[in-house]
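With the hints as extra help, turn the sequences into a complete structure.
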Amino acid sequence: MAQPAADYVNGVFHVVLDAETPGERGEQHGAALRLPIRTALRNFKSWMRVQVGLEDPGDAIAEFVESSGHLAAATEDAPDLVEEMRGVAAAAGVDLVELFAYQSFDELFVHFITSGALDPSSSGHCTTAAVSGRSGLPNLVGHNNDIPTYHEGFVTVLRIKDPALDVEILQSTFAGQLAQNGVNSAGVGVGINTLADLPGGSGVPVSFHVRRILQTHSVGEAVDYLSGARFGQAMNYMIADRSRAVSVETWQTETAVTEAGDGGALAHTNHSVIPSTPRTFEMDASSGGGSYGHTHERLALAQRILRDEPLIDLAGFREIFQQRPILVFPGKPTGRTLMNMVAEIPASGSPTLHLTPDTPHRYPAARFAF
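Number 335 in numbering that gives the first Met the number 0 belongs to position 336 of the sequence shown; there are no gaps in the numbering.
If you are wondering where the hints come from, they were derived from the structure by calculation, not from laboratory data. Owing to the predicted nature of the structure, the values given are computational and were not obtained by experimental measurement.
Label pairs and their calculated CB-CB ranges:
(1) Gly-68 <-> Asp-94: 18 to 28 Å
(2) Arg-366 <-> Gly-262: 19 to 29 Å
(3) Val-8 <-> Pro-162: 16 to 26 Å
(4) Asp-307 <-> Pro-363: 18 to 28 Å
A virtual CB, placed ideally from N, CA and C, is assigned to each residue, including glycine.
Quick look at the structure:
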């Protein structure tokens, strides 16, 4: 097993995980980023005290993990990834339950909203987009992480070389978390965004699903995986490979797939765009946060840019995520743009991950390839 170490590439932590077992790969992660992980968890609990008003965040974390069923579901459905998380916790010297809650922040955030601890207008945001099928141009999938500010300074790429897999993964995330978005050597890329108006469940958190998607070889394999999964928070997964792109809305144990179609472009924000989905409430201006984080405005802007620029290049695609209100800056402690990811997927050869260490309108992207 290689000795754990972290590089620092243009403000992004970069760690190679190449050990034989999931637990050992987790230990590599935890040992290489021990100080950032411990600092991130302190910031996480401080944020809960200030923003959520919790006198003892530890009690709230324990209650969430026990009552939600998410850890039990992950242990049953993804025991290897739970083993990896245990390795992270052990090597970093942090509590496993706290680490699980820290990386299940979509599920935890909605838990605080539904319990009345956070106002819906304080919710985070995210925007995803993809383009595909343009002759001579690579396919692209991108994501703005608009999330709580306790993630500041911890943007990380895990280069995962699992000897049991025939794909290598460039996993963009935050120190101590298994996954946020990314791309693999087969050319499968994914970005994610919360669906606030679809019902959640007691299933597996989104970070585990992202890792499973990045273990596949194609959009078709990824959709097949999601079709058999059970979900914690309702989410949209924007997935592209070397030939196509899809948007997959997920809730409870259900999925609904939208193909890129003739235009070859897709965008998604924080509301369901499929008429048949079981909405829990209508996402409009009265639901708080300027149409719930300007979800309709962000979607319309991304769609207009993609419609007007059908041959958009990498630079133009990255600029989409720097346009307000897609860009959330300065935002609030409960949510602002803290990372932008763009996966560049050519018809052949190495995919490339472009990742900013913070807001994309102020920081250039670090570049990672296989």
